[in-house]
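With chain H held as given, fit chain A onto it using these hints.
Protein chains in written order, with my numbering: chain H, 1 to 113; chain A, 1 to 111.
Do not rely on the hints blindly, as some may be mistaken.
Quick list of in silico lysine to any residue cross-link-like pairs, SDA-like style, CA-CA up to 20 angstroms [as the list claims (entries may be wrong)]:
#1 H/Lys71 - H/Asp96
#2 H/Lys40 - A/Val44
#3 A/Lys98 - H/Asn57
From chain A, some residues computed to sit far from chain H (all C-beta separations above 10 angstroms) [claimed, not checked]:
#4 Lys26
#5 Ser73
#6 Leu75
#7 Thr103
Short, incomplete list of chain A residues facing chain H, as computed with Cβ under 8 angstroms [as the list claims (entries may be wrong)]:
#8 Ala10
#9 Leu11
#10 Gln33
#11 His45
#12 Ile49
#13 Ser86
#14 Phe88
#15 Phe101
If you are wondering where the hints come from, they were derived from the structure by calculation, not from laboratory data. Since this is a predicted model, take the numbers as computed values, not measurements. Idealized CB from N, CA, C, for every residue including glycine.
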Amino acid sequence: DTAVSQTPKYLVTQMGNDKSIKCEQNLGHDTMYWYKQDSKKFLKIMFSYNNKELIINETVPNRFSPKSPDKAHLNLHINSLELGDSAVYFCASSQDNRVGGYTFGSGTRLTVV
Amino acid sequence: SQQGEEDPQALSIQEGENATMNCSYKTSINNLQWYRQNSGRGLVHLILIRSNEREKHSGRLRVTLDTSKKSSSLLITASRAADTASYFCAGVTGGGNKLTFGTGTQLKVEL
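Chain H on its own, in the form it takes in the complex (with noise of 0.2 angstroms):
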């Protein structure tokens, strides 16, 4: 069984468009993140929520907006997508980062065209 499952894998979609990726990890774990990985595969956090809390929120466009309907699930909704947007986004989920590493997801490869 995966671990952390994202859907979906790719999107390609056009600019102005609206889309969600989902996410859901079946670890128990209590913290979920998005992270963004662009071109040049740099990895930049954009949120985190731990038991449905969000405590963090980098700095990120309003356009993103996520939401944690329970502990096991992080969605993130993007609006008015733009071409710079394109990057494969990444959950992942992590039960203490003090003694353990995270668990990531495959991935989901967004194209703005």
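Same frame as chain H, but now just chain A:
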């Protein structure tokens, strides 16, 4: 901003050789972690070293940490073609809630 810089950016070696990757970071960390990313895949956690540890081993992996120099290194011994991937260091900061990644090293192991 990125937590750290990795060096080299790219490394190409022959199977059986050792691969060493270095990571320098900017701010104080609770621990430092190394991840592997195969092409087109997610990141896989390899090893974690706490700020009060200097060296750690896991199989063919050896990690060192020098907090005075704000640097870490990852050594992969007896490399295999399957080790071909990008390797990232990442530091836990901000009270333990935030993992910030370095720029990554692309390792290619040739047969």
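Taking the hints in turn, this is what the structure says about them:
1. H/Lys71 - H/Asp96: Roughly 14 angstroms separates the two Cα atoms, so the pair holds.
2. H/Lys40 - A/Val44: 19 angstroms, holds
3. A/Lys98 - H/Asn57: The given pair, whose Cα atoms are some 11 angstroms apart, holds under the 20 angstroms limit.
4. Lys26: 15 angstroms, holds
5. Ser73: 18 angstroms, holds
6. Leu75: For A/Leu75, whose nearest Cβ neighbour in chain H is about 19 angstroms away, the distance exceeds 10 angstroms, so it holds.
7. Thr103: Non-interface label on A/Thr103 violated, nearest chain H Cβ at 7 angstroms vs cutoff 10 angstroms.
8. Ala10: At 11 angstroms from the nearest chain H Cβ, A/Ala10 fails the 8 angstroms test, so the hint is violated.
9. Leu11: Violated, about 15 angstroms.
10. Gln33: Holds: closest Cβ of chain H sits about 5 angstroms from A/Gln33, inside 8 angstroms.
11. His45: At 3 angstroms from the nearest chain H Cβ, A/His45 passes the 8 angstroms test, so the hint holds.
12. Ile49: The hint is violated - A/Ile49 has no Cβ within 8 angstroms of chain H, the shortest such distance being about 11 angstroms.
13. Ser86: 6 angstroms, holds
14. Phe88: 7 angstroms, holds
15. Phe101: 4 angstroms, holds
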